[in-house]
Amino acid sequence: MLAISERKNGANPMVPYLGKLVKVKDLAAEIKLFSVEMLDGGREAFSQYYPGQFAFLSAFGVGEAPFGIASTPERGPILDFAVNRLGSVTSELHLLGEGDIVGVRGPLGNCFPMDEFKGKDLIVLGGGIGGAPLRPVIHSVLDNREDYGDLTILWAARHPSLLVFSDEYEQWRSAPGTRLHLTVDQPDDLWDHNVGLITELLEKVSPSPKNAISITCGPPVMIYYASKLLEKLGFKAEQNYVTLEARMHCGIGKCGRCNLGEKLVCVDGPVFSMAEVGGLRESFL
Amino acid sequence: MKLTTHEELSSWLDSLAENLNLIAPRAVDGVPLYRPVQHSQEVLWDFTRPVLSVKEAFFPATERLLTIEKGNRQIRLIESLSEEPQVVFGVRPCDARGVKMLDALFTAAPGDPYYARRRANTTLVGLACREMGPTCFCTSMGGSPDDASNMDVMLYPIEEGYLVQAVTSKGQALLDNYALQSREHSTGQAEQKTAFVYEQAEKYPLPERSAWAAQFEDAYWDQVAERCLSCRICAYVCPTCRCFDVRDEALPEAMSNASPSGNGSSQFERIRCWDSCTGEAYRRIAGGHNPRAEKGQRLRNRFLCKFDYYPRQYALGSAACTGCGRCIDACPVNIDITEVMQHIAEVSQC
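Each protein sequence line maps, in turn, to chains R and U. Going by my numbering, the first sequence opens with residue 1, and the numbers climb by one from there. Going by my numbering, the second sequence opens with residue 1, and the numbers climb by one from there.
One or more of the hints may lead you astray.
Okay, the calculated bits of chain R under chain U, using three or more residues with CB under 8 Å as the criterion [stated by the list, open to error]:
# : stretch
1 : 11–18
2 : 59–68
3 : 85–92
4 : 99–111
5 : 241–250
6 : 258–267
Cut-off 30 Å, straight-line C-alpha distance, at most; resulting in silico cross-link-like pairs (BS3-like, lysine-lysine) [what the hints assert, rightly or not]:
#  : chain 1 : residue 1 : chain 2 : residue 2
7  : R       : Lys118    : R       : Lys232
8  : U       : Lys70     : R       : Lys20
9  : U       : Lys295    : R       : Lys228
10 : U       : Lys2      : U       : Lys100
11 : R       : Lys204    : R       : Lys228
12 : R       : Lys25     : U       : Lys70
13 : R       : Lys20     : R       : Lys32
14 : R       : Lys23     : R       : Lys120
15 : U       : Lys203    : U       : Lys295
16 : R       : Lys236    : R       : Lys204
17 : R       : Lys120    : R       : Lys236
18 : U       : Lys70     : R       : Lys32
19 : R       : Lys23     : U       : Lys70
20 : R       : Lys228    : R       : Lys210
21 : R       : Lys120    : R       : Lys232
In short, the hints are calculated from the structure, not lab data. We treat Cβ as the ideally placed atom computed from N, Cα and C, and that holds for glycine.
Given these sequences and hints, build the entire structure.
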């Protein structure tokens with residue numbers, strides 16, 4: 001096995017570390033979960049990272065794209081990434097299998113202030129593959145259950161086949177003080193959970209804003225309407241956290257691609273409170 | 001100040017070209033550009049400003065970040081960092097100010113080593129402008145056609161030759177090491193400055209930074225953008241625009257076969273190339289959502305970046321526009337940044 005990264009400058013943030021795919025599995029329709037074992041310098045670089053951070057995955061020969069890290073270092077050294085097959089990089093990644101080498105550049109961006117969330121009730125809203133960067137939040141809470149209040153997970157997708165991490169639902173549900181609500185827009189014959197948009201589910205569950213924090217990730221339109229509804233339920237902008245997606249090419253504040261007004265999603269985010277981005281003139285919508 | 005003649009300056013340039021990478025204004029198919037030169041005879045002396053800014057010397061239009069050797073489950077990455085010392089001659093003050101603004105961005109932690117290496121290995125030899133060009137407006141942006149402040153060496157053309165000013169120790173070293181012949185000249189700096197009378201001082205109003213965001217919802221952006229072709233030329237010619245794209249490209253087959261590992265692996269290069277926020281797909285995210293799908297939104301972002309976002313993100317202390325006027329010359333549909341400034345100034349007064 002040859003996997004060398006020749007770095008003249010050890011700190012070059014544009015050079016990826018190399019990692020080996022140790023597991024590739026179907027997570028949902030057109031979505032695969034890639035489990036990566038870091039090689040060489042990457043082990044050290046990814047020995048610590050935090051919920052909400054992201055990294056670039058390279059499909060060498062095609063390019064790289066940013067993905068939220070879907071694992072936590074506390075559960076082991078393997079990094080998880082959920083990849084939806086949409087463009088050239090993700091299509092190439094989907095052709096790779098166990099044993100193949102990918103590039104991983106990171107960890108990048110800020111993170112959810114998990115320490116500030118301690119002692120509070122958490123409402124986690126995940127839409128489709130937007131659930132991936134929220135999995136580390138859920139894992140952190142479950143692994144330190146007594147540090148946090150109630151955990152309410154609202155998990156949505158267009159169709160049951162697009163729900164991510166379904167093999168973990170039982171584990172989530174059975175944790176103390178934890179509730180999982182599922183909804184899809186288009187049910188199939190076997191579906192026996194909620195039907196409708198995540199906002200309808202949120203209205204039905206109607207969580208109390210008292211000593212609570214909401215954390216949302218999903219399509220921009222979902223984040224927008226979920227935030228509006230949370231405000232209606234009494235959540236203040238500072239209580240509502242989101243993680244935003246943007247096209248980007250560097251992850252270190254240089255390429256300019258991900259700006260949202262004067263904010264750069266890569267270095268000022270991807271995690272924001274709605275107090276930070278709700279009032280920006282330029283909408284993420 | 002010292003005086004050097006055109007002949008002495010030319011032979012200094014020749015010795016620079018012999019010993020290191022010399023970049024100077026040169027006519028390429030009649031188009032003035034900063035390009036490597038081998039001999040002073042290639043240097044273009046009479047020019048307003050090259051069509052592309054000097055940013056190319058640090059941030060090329062396309063550059064290789066990595067070479068990727070890819071075999072069967074084998075990957076080898078080779079960094080592509082430039083080590084070559086270079087001198088850029090004939091830098092205009094507007095361009096040197098642009099470099100200062102790019103420095104703030106590319107060296108902010110974590111620094112960009114590709115830019116930082118080139119920058120550290122480069123000496124800037126400035127050439128004051130004899131006069132301002134028809135679309136120049138550096139004086140409205142806080143610059144000046146004889147501003148030496150961002151150079152290493154500054155040259156002022158006068159009747160008898162060039163007055164020479166070593167601005168930094170790096171510049172002094174270049175003068176000393178390659179022995180530019182010169183002699184004391186009676187003209188003091190104060191007198192020298194008065195030799196240049198620029199007619200277009202503060203031609204345009206520079207709106208307050210806060211005035212730009214205040215006009216975020218102005219219908220004006222859509223009106224201006226109506227004729228915008230999203231061609232991105234304004235960003236390519238701009239000395240401070242720095243947006244880029246990164247992608248992998250296959251290297252030609254011949255080079256692949258010559259790969260050092262000789263195991264039939266294929267070679268790719270990871271490149272970055274200039275891009276611009278006025279391009280249609282610039283902000284589009286996976287799945288197709290585009291928060292800046294309209295031309296007006298994109299053009300507004302370009303101007304707000306110049307006058308509000310970029311100065312704030314990288315603590316520039318000024319607008320990220322040097323008044324070089326290149327975008328005015330280059331725009332195929334005559335979108336004029338000075339007209340935009342005037343509009344913002346007008347509407348923010350009422």
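Against the structure, the hints come out as follows:
For a cut-off of 8 Å, the count of residues in the stretch 11–18 of chain R with a CB near a CB of chain U stands at 7, and the three-residue condition holds. Closer than 8 Å: that is the beta-carbon criterion, and the stretch 59–68 of chain R has 6 residues meeting it against chain U, so the requirement of 3 holds. Counting residues of the stretch 85–92 of chain R whose C-beta lies closer than 8 Å to any C-beta of chain U gives 3; at least three are required, and the coverage claim holds. Here's how the stretch 99–111 of chain R fares: 4 of its residues keep a CB closer than 8 Å to some CB of chain U, so the rule of at least three is met and the hint holds.
With 5 residues having a beta carbon nearer than 8 Å to a beta carbon of chain U, the stretch 241–250 of chain R meets the requirement of three or more and the stated coverage holds. Only when three residues or more bring their CB closer than 8 Å to a CB of chain U does the claim for the stretch 258–267 of chain R stand; here the count is 5, and the claim holds. In summary, the hint linking Lys118/R to Lys232/R is supported, as the alpha carbons are separated by about 24 Å, within the 30 Å threshold. Simply put, Lys70/U and Lys20/R have alpha-carbon atoms about 14 Å apart, close enough for the 30 Å limit, and the pair holds.
Taking the CA atoms of Lys295/U and Lys228/R, the gap is about 28 Å. The hint holds against a cut of 30 Å. Between Lys2/U and Lys100/U the alpha-carbon distance is near 26 Å, which keeps this suggested pair within the 30 Å criterion. A threshold of 30 Å between alpha carbons decides the hint, and for Lys204/R with Lys228/R the separation of about 15 Å falls inside it, so the pair holds. With a C-alpha separation of about 24 Å, the suggested pair Lys25/R and Lys70/U falls inside the 30 Å cut-off, and the hint holds.
For a cut-off of 30 Å, the pair hint linking Lys20/R to Lys32/R stands: about 16 Å separates their Cα positions. A hinted pair counts as satisfied when its Cα atoms are at most 30 Å apart, and Lys23/R with Lys120/R does not qualify at roughly 35 Å. For a cut-off of 30 Å, the pair hint linking Lys203/U to Lys295/U stands: about 28 Å separates their Cα positions. With a C-alpha separation of about 19 Å, the suggested pairing of Lys236/R with Lys204/R holds against the 30 Å cut-off.
Distance check on the hinted pair: Lys120/R and Lys236/R sit about 14 Å apart at the alpha-carbon level, within 30 Å; holds. For the hint linking Lys70/U to Lys32/R, the alpha-carbon distance of about 23 Å falls within 30 Å, and the restraint holds. For the given pair, Lys23/R sits about 21 Å from Lys70/U by alpha-carbon distance, which is consistent with the 30 Å threshold. This hinted pair checks out: Lys228/R and Lys210/R have alpha carbons roughly 17 Å apart, not beyond 30 Å.
Taking the CA atoms of Lys120/R and Lys232/R, the gap is about 20 Å. The hint holds against a cut of 30 Å.
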